[in-house]
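Peer 1: What follows is the residue order along each chain.
There are 4 protein chains.
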Amino acid sequence: MGSSSEPGAKPPRIRLGMVGGGEGAFIGAVHRMAARLDDHYTLVAGALSATPEKALRSGLALGLAPDRLYSDFRAMAQAEAARPDGIEAVAIVTPNHLHAPAAQAFLEAGIHVICDKPVTTTSAEALALQATVERSGLLFAVTHNYSANAMVRQARELVRSGALGEIRVVQVEYPQDWLAEPLEATAQKQADWRTDPARSGAGGCVGDIGTHAFQLAEFVTGLQVHSLLAEVSTFVPGRRLDDDVQVLLRFAGGARGTLWASQVAPGHRNGLALRVYGSRGGLAWRQEQPEDLLYTPLGEPTRVIGRGAAGAGAAAQQVTRTPGGHPEGYLEAFATVYSEVAQALYARREGRRLDEAALNFPTLADGLRGVRFIETVVASGRAGGQWVALPR
Amino acid sequence: MGSSSEPGAKPPRIRLGMVGGGEGAFIGAVHRMAARLDDHYTLVAGALSATPEKALRSGLALGLAPDRLYSDFRAMAQAEAARPDGIEAVAIVTPNHLHAPAAQAFLEAGIHVICDKPVTTTSAEALALQATVERSGLLFAVTHNYSANAMVRQARELVRSGALGEIRVVQVEYPQDWLAEPLEATAQKQADWRTDPARSGAGGCVGDIGTHAFQLAEFVTGLQVHSLLAEVSTFVPGRRLDDDVQVLLRFAGGARGTLWASQVAPGHRNGLALRVYGSRGGLAWRQEQPEDLLYTPLGEPTRVIGRGAAGAGAAAQQVTRTPGGHPEGYLEAFATVYSEVAQALYARREGRRLDEAALNFPTLADGLRGVRFIETVVASGRAGGQWVALPR
Amino acid sequence: MGSSSEPGAKPPRIRLGMVGGGEGAFIGAVHRMAARLDDHYTLVAGALSATPEKALRSGLALGLAPDRLYSDFRAMAQAEAARPDGIEAVAIVTPNHLHAPAAQAFLEAGIHVICDKPVTTTSAEALALQATVERSGLLFAVTHNYSANAMVRQARELVRSGALGEIRVVQVEYPQDWLAEPLEATAQKQADWRTDPARSGAGGCVGDIGTHAFQLAEFVTGLQVHSLLAEVSTFVPGRRLDDDVQVLLRFAGGARGTLWASQVAPGHRNGLALRVYGSRGGLAWRQEQPEDLLYTPLGEPTRVIGRGAAGAGAAAQQVTRTPGGHPEGYLEAFATVYSEVAQALYARREGRRLDEAALNFPTLADGLRGVRFIETVVASGRAGGQWVALPR
Amino acid sequence: MGSSSEPGAKPPRIRLGMVGGGEGAFIGAVHRMAARLDDHYTLVAGALSATPEKALRSGLALGLAPDRLYSDFRAMAQAEAARPDGIEAVAIVTPNHLHAPAAQAFLEAGIHVICDKPVTTTSAEALALQATVERSGLLFAVTHNYSANAMVRQARELVRSGALGEIRVVQVEYPQDWLAEPLEATAQKQADWRTDPARSGAGGCVGDIGTHAFQLAEFVTGLQVHSLLAEVSTFVPGRRLDDDVQVLLRFAGGARGTLWASQVAPGHRNGLALRVYGSRGGLAWRQEQPEDLLYTPLGEPTRVIGRGAAGAGAAAQQVTRTPGGHPEGYLEAFATVYSEVAQALYARREGRRLDEAALNFPTLADGLRGVRFIETVVASGRAGGQWVALPR
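Protein chains in written order, with the numbering used here: chain D, 1 to 392; chain F, 1 to 392; chain U, 1 to 392; chain A, 1 to 392.
Everything labelled a hint here was simulated from the structure, so no lab data went into it. Cβ coordinates follow ideal geometry from the N, Cα and C atoms, glycine included. A hint or two may mislead.
Claimed, not checked - Computed list of lysine-lysine pairs in DSS-like fashion (alpha-carbon distance at most 27 Å, straight line):
| no. | chain 1 | residue 1 | chain 2 | residue 2 |
| --- | --- | --- | --- | --- |
| 1 | D | K189 | A | K54 |
| 2 | F | K189 | U | K10 |
| 3 | D | K189 | A | K189 |
| 4 | A | K189 | A | K10 |
| 5 | A | K189 | D | K54 |
| 6 | F | K54 | U | K54 |
| 7 | D | K54 | A | K54 |
Said to hold, decoys possible - What follows is a set of in silico ranges between Cβ atoms, one per label pair, in the way DEER data are often shown:
| no. | chain 1 | residue 1 | chain 2 | residue 2 | range |
| --- | --- | --- | --- | --- | --- |
| 8 | D | Q78 | U | E300 | 54 to 62 Å |
| 9 | D | R160 | A | P12 | 46 to 54 Å |
| 10 | F | R160 | A | E300 | 15 to 23 Å |
Stated by the list, open to error - Footprint (simulated), chain F over chain U, 3 or more residues, beta carbon under 8 Å:
| no. | region |
| --- | --- |
| 11 | 71 to 77 |
| 12 | 105 to 117 |
| 13 | 145 to 159 |
| 14 | 249 to 255 |
| 15 | 282 to 293 |
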């Protein structure tokens, strides 16, 4: 497969492993499709479940070889590190509480990590990972996939270009409705662990989706939140974690913002939306209609900038696969994260220097920031809604 | 004109006066069109300006008789009260600081009052008006026009019916962009007084439009805010009042909400929007597209309920003029306030008893609540964003 | 009321009569609201019904004096013409078959006419009216109200300016759903006469709404259809007139278009919509969301031009009452027709010369063209869908 | 890779070849991503270009082995048929005129075919292919990808269930704007061959996109068009094929419809849209916002049925990858065609019987029908817009 010695030939696909993502999982399949779409990876090993029988069954159903299927991620890390054809990178798609131990195991085995969010359940864990990453020099990506949407990149480029002037107001929201009833009481797998502090961490809704909203706001504006105040609510009786947070954000430079994340908002499937207003213009983007960016230069009509169409700039073009009007969506943006990571991994494999920051994929630094956001929101909520500084 | 003695005949139109609304004004013309639309009023007198020459010129241009044109509202109140054909009600459409003295003058002359919002610049003034109203038994309406939109009435009816279950989350916003630059520096009349504390009161954006958003949220949900926390910002350099407020709301019964009002949000002309989420469903309404109410019963597809169309209930039908798909808008809702007030005035004129609350037009009580909202937001903002109780 | 002798004073309101529009009517109330909104008319007389008792009852309910209420429009024309304070203009809002005789009666009495559409049931009648109008020099307006929407005026201005280049394609449609079942069988008044050839004329849906679509397309493009081919269908069993027409249009200059009108299209309340495409740009307008015009210069992002907002030009501003984002709708556009007619009537009353064409209200010429459109569509349909020339 | 002997194991991927799709191509990359997404195929061979050097370069860039790269599709068919690991299926993504000879070559070599549309440039060619397919028993799929959208499947299911009653009116359109100027004059590859009769066939716009619209209308309604009348226009000077067609459709059973396809409609990127109206309800779907289906039961509010959300039935669920609100788009629908074909190919490989029709992927029969649609439209246009029967 692949013949990298030929000039102009495609480099061999990156050998990828996966931890989590067995039967009944949601996000594991997403990672696999995302890894496949642009053909930079081949999945060759997995610890898809901690239950051996289920791990084997899940792996065979994916076409993996039985000798590359594990039920213990530590064993997998060691075994794969020892193979000449062992995995080069691992995708960690378990419930949150296993992110840190799994990531540590693979980093220590010299294997690059692509980890779902929130990257850990505590900032202490994230800082420990950071130390390991710095020591090892390995790559650590976090799949804040929404920031890879082409029109989000367009938005960021517009802000950077100064088209919006000085940013004044940021409105970001992420409403869903799937937890409006106590779904966890039915043993539905996704609801079960997401509402369990032991597996999800201190944040419920704020961790599951609030972190995406937060990352998106900082990514597009290029501004950092320095303090926040949160109303943290649990509306569904018996639930152990928050299911709605309403947060005031103070950004460095003086911008003010509001972040709302909810999993009890009937009518919203996955309503991530961002609006940014500056002294010279405003913009609006909605994840459920990701192909259009609304941009209003102050005093002019609103423009609808379409992905792959007139008005889309270089940053958007770079992550565009199909012509305008041929909708790219969730998987495509997710695939962009994988493909940008692949560019970095190819370069490392070949010893090429590369400005990884220019690739725009989120890293452990974003992951750490997300965990700190969760912790700060929870702390503000516990204090009855008080201003709390967000550590840098 | 009109011959009320005939059975079945239309009652004679209500004789209306106006204070403010002369040349260059915006809202005065709106009140006049609103009063005319359903044919319950005839404008016969005015103190349209404090400048005699302008008052005369403005009145003649409206077809008023010269002897019914005044430049002093106190003189007008006395003169009209003394005429056999004097006005029965007055519309007060001046800058905010004149609402209280003008209203007092007409109330003391026995004339009903229809007043623009915010009803006064301080709650003390509003309380004084309240005492006068109670003493006199006169009617006092406040033109929170947006709550008269048919689909807002529909929303309120849905909430009341229990279709949404227990209300959990309220999201209301009112962004505009017309003050994104220091328009007041150009002597533009509307910007000039609205950014002047002496004429506008303690609130800028929060008073001008935030009060509408607040009233709408309470009107539709039937819930009262008991405390709030506000970020009060002035983004345009040199401006003396707020131009952006972001407010967390705590409602009686446990609902949590966010209110955002801004006049510096490029891309928004008049973006009042309300969303309400309960344990059994959610709804969304946008003022700029007022004909549709989105209603989602939990676990079912979103329904688009159209004014005058399938799904619209009695409360909406009652304030509907044209069939579905023949858009009613801003003036129609404003006219509904005038027409509901007219029903009350006809009844009083004829000595009929009437459940005025069922008419739904906003009263001085709403006006007082709006002023307290402004004061509480400003107090929270001055305290650096702290929780402050909102007096009942 | 009014004191026209004062300099700068508003001219006295135009004395208006009405034929049709009694109890149970729809469009009569619309005409009355439209006439009132901008305060140029006062309704003083009516033949609101041919049934004397109903005519009286309807008139009293409107506040008209009993001696100005008639049950015979011819008697009304003569009586009013004989009074010193007689009506100056009449609004004809009966079922279609009475338009011609009523209009003739008032024209012959020297009274200006404002007539609903289609102006007559045959082109012969319309030509006869035209002869009378030319002989009398009186004004004859036809209420194709949709062409008075501000954003329709904007569209026309854009086309005229050359912004779209050479027009190539026109897509216009007008779907409704209120006749998807045999409503006429229930004696619903609106359905009853509209599906009756004796009162509606040769066209059902094509006459009731197709004419609006046709007029809108020619008004905005400034191009005339020279021939057409129509599929004329009656889908509801037992119905006597068409309820769906699909028409190919050939415009002078080479543009090609499609017109679809239907009253059996579930999901559409009043879905008039126009799209125009030229060599340099395209535009789209939807009546149910009339405040926005989508304009796409070829090779640039689509712009959303809002009424009363950035990008709206002089033609739109001229017919704008409220600031952008304060929705004007159906009644406002209808009122614009009345107000433009009023400008012409004031000028005629005062002997001033005025370029009436610049006022843009539709006239008998538009009405005649609409009737010919109906006749040509019906002829094409009867021929099994063949090309038929549309007389100029 | 793959170990089909294990019970529960994923079957080995289908070995796929490709004809066309080399450097500078558009649709080839789409087919490759679509084939990869659900992991049922592995691309192992290609005749990506007729130019040997380009064929090699394109193949290496895709990671193909040099000995599986060809510049002659006939040589490829023979060589691959002779290999034990030869391709099982071929994707044909050349300009239209090569579809038929390429497909014949592979069918004759015993290789299944997945072909882009229009399947051939003449119906004679399509009939010849049909004979070969029938003789060989091989599978022949045509990538009318839009009919694989989940909400299109939902629409079809709704129609089939009788929810719309008897279908009366069909409105389908497919406007684009990328050929509004003579792009072919610039040697842009996509424009060049699509406007060249020698490579594109008798239809320009009607073949390129009109066929998609036609197939979508028949697929969703389950009705066949029996005759049509077309206005066929070429608006761009010098262009050799049509760039705009407006077509009246007569369906078996009495439904009437309009189809508009245009590549000169500024403001439209890829605006395929379908609306269907029946005696009991209506529905609307837009390809650029593919996640929502609007469904209106007559006399009830419109429902917004979301993919992966409440109201989506079995047919939609079957082709759904991600939860509602995580947008699937163009590539996902395209991938569904590939995956449905894969189910059929697996069954054939394993000798299992399978109801291929239930899989819903378009076949040569759809392809033939598309070519006949093109020919009939062109014939009607040449006759000046006359009714022409569409062969079954």
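Peer 1: Can you give the numbers of the hints that this structure goes against, from lowest to highest?
Peer 2: 1, 3, 4, 5, 6, 7, 11, 12, 13, 14
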